[in-house]
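The opening position of the sequence shown corresponds to residue 99 in this note's numbering, with each subsequent residue numbered one higher.
Worth flagging that the hints you see were computed from the coordinates, not collected in a lab. Fair warning: there could be bad hints in the mix.
Derived pair list, reagent style DSS-like, types lysine-lysine, alpha-carbon separation capped at 27 Å [what the hints assert, rightly or not]: (1) K121 - K110; (2) K110 - K154; (3) K113 - K155; (4) K152 - K113; (5) K110 - K155; (6) K110 - K152; (7) K154 - K113.
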Amino acid sequence: MNPKTRFFKSSKDIKQLTNDVIKIIIQNRFSFISLFNSLVVIILRMRVRIAVAKLKKNDSSNDCNGNMYIPFKI
């Protein structure tokens, strides 16, 4: 399994992500700063999706104190 695509169950998720990128770029009218901001938004969305996928896949991700493990810092 390719590690880059292991969190995407189908090509539908990849198409949705591509559509998100295109929508954000079009809405921001191609200025460099907003392009950078849209890339940051996409990266954050990816990290949230990966975190949710890990939590769904691994429901026993609570530590001994009952705290839920989130794999990135906010």
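Tested hints:
For the proposed pair K121 and K110, the alpha carbon gap of about 16 Å is at most 27 Å, so the pair holds. A threshold of 27 Å between alpha carbons decides the hint, and for K110 with K154 the separation of about 19 Å falls inside it, so the pair holds. The straight-line distance between the Cα atoms of K113 and K155 is roughly 22 Å, inside the 27 Å bound, and the hint therefore holds. Restraint check for K152 and K113: the C-alpha separation of about 21 Å stays at or below 27 Å, so the hint holds.
The straight-line distance between the Cα atoms of K110 and K155 is roughly 19 Å, inside the 27 Å bound, and the hint therefore holds. Simply put, K110 and K152 have alpha-carbon atoms about 19 Å apart, close enough for the 27 Å limit, and the pair holds. Of the pairs offered as hints, the one joining K154 and K113 holds, with about 22 Å between alpha carbons and a cut-off of 27 Å not exceeded.
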